[in-house]
Amino acid sequence: MRKTWNFHGGVHPLENKTQSNQLPIVVMPAPKQLVLPLSQHMGKAGKAVVKPGDYVFKGQLIASAQGFVSANIHAPSSGYVSALEERTLPHQSALSGPCIVIDTDGKDQWGDLNPTIDPKLLSKSDLLYLIQAAGITGMGGAGFPGAVKLQPKSSIHTLIINAAECEPYITADDRLMREYADQIISGIQLVQQLLDQPQCLIGIEDNKPEAIAALNHALNQHMNIEVCVIETKYPSGGEKQLIEILTGQQVPNEGIPADIGIVCQNVGTVKAVFDAIVLGQPLITRITTVTGKAAVNAGNYEVLIGTKVADVLAFAKVDLIKTSRLVMGGPMMGFTIQDTQTPIIKSSNCILAAADLELATVADHHSCIRCGLCEVACPAELLPQQLFWFAKAEEFEKAQDHNLSDCIECGACAWVCPSQIPLVQYYRYAKGRIKALNNETQLAELSRMRFETREQRLVDEKSAKEEKRKLRATAAAAAQAAKRAANPTSADPIAAALARVNKRKQEQQTATTPKSPEEVYKELKTAAAITRTKLNKTSKALTDAKAQDHEQAAGLQETVIALTTKAAVAQAKLHAYETKLGLDPEKEKILQVSVAKANGTIRQLEKILATAADPKRIEADILNAKATHEAATQALADHQTNLTKKPTSAQES
Amino acid sequence: MQTFYFAIVILALLAIVFGAILGFASIRFKVVGDPIVDQIDKLLPQTQCGQCGHPGCKPYAQAIANGEAINHCPPGGEATIKALADLLDLEAIPLDAEHGSEAIRTIAYIREDECIGCTKCIQACPVDAILGAAKQMHTVIIDECTGCDLCLDPCPVDCIDMIPIEVTPVNWHWQQPEQLIATSSSPYSHGAPDHA
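Chains as they are written, first to last, in my numbering: chain B, 17 to 669; chain R, 2 to 197.
Careful: at least some of the hints might be erroneous.
Calculated pairs, DSS-like style, for lysine-lysine (alpha carbon to alpha carbon, straight line, at most 25 Å) [stated by the list, open to error]:
# : chain 1 : residue 1 : chain 2 : residue 2
1 : R       : Lys83     : B       : Lys447
2 : B       : Lys499    : B       : Lys484
3 : B       : Lys481    : R       : Lys121
4 : B       : Lys408    : R       : Lys83
5 : B       : Lys484    : B       : Lys451
6 : B       : Lys447    : R       : Lys43
7 : R       : Lys43     : B       : Lys414
Worth flagging that the hints you see were computed from the coordinates, not collected in a lab.
All figures in this text were calculated on a predicted structure; none of them were measured in a lab.
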């Protein structure tokens, strides 16, 4: 018998295991629908590699691991992928997340399997690859991707198999060991092979004599494996506690077992390793305990991953009316589920259908009386009472200083608390807040960096612009200088330009010849006409405005008066110029009229001539009229000649 | 009398020696930068939102170091005020409502169909968290958005929404249990463990 140690604290709650460990494991047939969350473990969610409508065989990969801490997911049965959608997750938050939904076809038809005939020949990397490919995660409860733990950075001297199953009610590992002892031992040997043959200790509580016997029966003397029976005490199945019991060593604060050369695996996980390597089957089923007073057929069931809790409850004949609370996991560390459509995942070891009064109700809790029982019970040797105060007062830094992160949330402190304070919930709250605050700090740091980088960039851009501008300015100055050098006569470009302008002005002045009298006359005429037109327009506008009683009327009135004067002045100027030139527009008009009259007479006479009976007389008349017309034209021409001549003389005089 | 002069000389020598040491130390061990500003800056939430009236967190940190009130930062809220009060040994005062109230953290979301690609929001973003080019649709890098909402105003088509950060199983955490009730009728029982 190997020497064992003890860990601090621990409690002895009622075991409640006999309800479910009496009967063999029953294989539950594939349900109609399977719901597989893409994230069933810590780390990154898998990425779906099937789409709705695809047919999948049992064991076919449907979601692939993303990164190191992630796991593959396989189809637990054959059928069609019906949806990729958000469904309620088996998580404390009861939030929903992306799931692959498979409608099974009932054929349960396996895809291609690649069993290994002689696993002893496999290399370490092959073993690791097969374990990774099978999507194995920790089956004990936390569900940490299995392959991660199996590639430690330091060398491993001890492999510990966790078969303690310390939590009340749960018997899944117990039944598994009784029925699959050989497979478990083979699985352990494979893991030993992978970790360079460390010694193996199987930690199992003394309340499972049949399982202990089965394991011992499966072992033979030459194996480097030992079954270590330990005292039944909660939480001996905690990883750190079991390591302390079996080796006397403590895992360092914020460290992992591999730091002290130990790897710990759950008994269910090594069975999955056996299935994956020897049978070639990925992790698609698990043993789940269905128990509680409301379960008629309490026992252990081999269920497909993704089976809805509702289907499992129906298969185990759980009386839903009698059920007051459904808990996934055990009574100490599990969480209440509201939605029975939630699926079973790789880490779901128990469904507890509790009847009224079976579990303590969420009672009103009292004030802390500082009895110190929690400190006595704490398996992590923390000060639960202090942590409680800090969590309540939101003094998270102090809580961290008191090693809150070492709390395994086993619930022993809350179980012994006479005031029934939900201590674990306070610690979970504090842990969550600390994580959120750390994230915020990280984000703030990132933002600060980005802000400063941006400011620097803006400053750089500005100075670069300034630099460019200066460069351009010097380049332009140089070009100017070069130009000046090439053309030395114009020493100063501005003076030269001014001189050019002046010169042009002078030229223009000398070039302007005095206006001819005709032009002056024309201009005066135009000016007079423009003022007249303006006056007319404005007068019209004024009458309109007056008619509409517009407020602008007064202004218009003034304009009209001003324009009238202007028009008169323009007319007077024109007239004066006409007089000066000796022009007489009136006479010209009269002459023009007489010409037109004569012309008209001729036309009339010619018309009459066409139809007249007495053409000779009319012809004579026409001749007369033509003479008159000629005379009139002559007179007009004379007058116009005078006009053109006289101004010249006027100019001269 | 001789003793008296002797003492004065000794004291003078000591003063000179220590003065020299101090002078040397002040040059040799000179602290570069203004560490208090950096310390204050570390406590600020770095949203760079400008609600305090300064163009970013660092300028506000500088202003606090120069004596400005510590309650001008709405994104930081009470927690930041408390942390600043602890650091500067001041009294924690309530948030100045003039600068805004403490709100839940949001991130900007661009309705990409409506974005016209004007790049105005890109220029406004204090942390370069918006990606896009002229006449190309823009998008917010949500991991880097501080929720400062400085991009809202410049948007000519109002296609930016500030949406609260979605609660997912990854960022979800337990809430604090309801406060203790002073009187209770439920008897203390050891019958069954539970706090599931």
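State the violated hints by number, sorted upward, taking the hints as numbered earlier in the document.
Of the numbered hints, just 5 does not hold.
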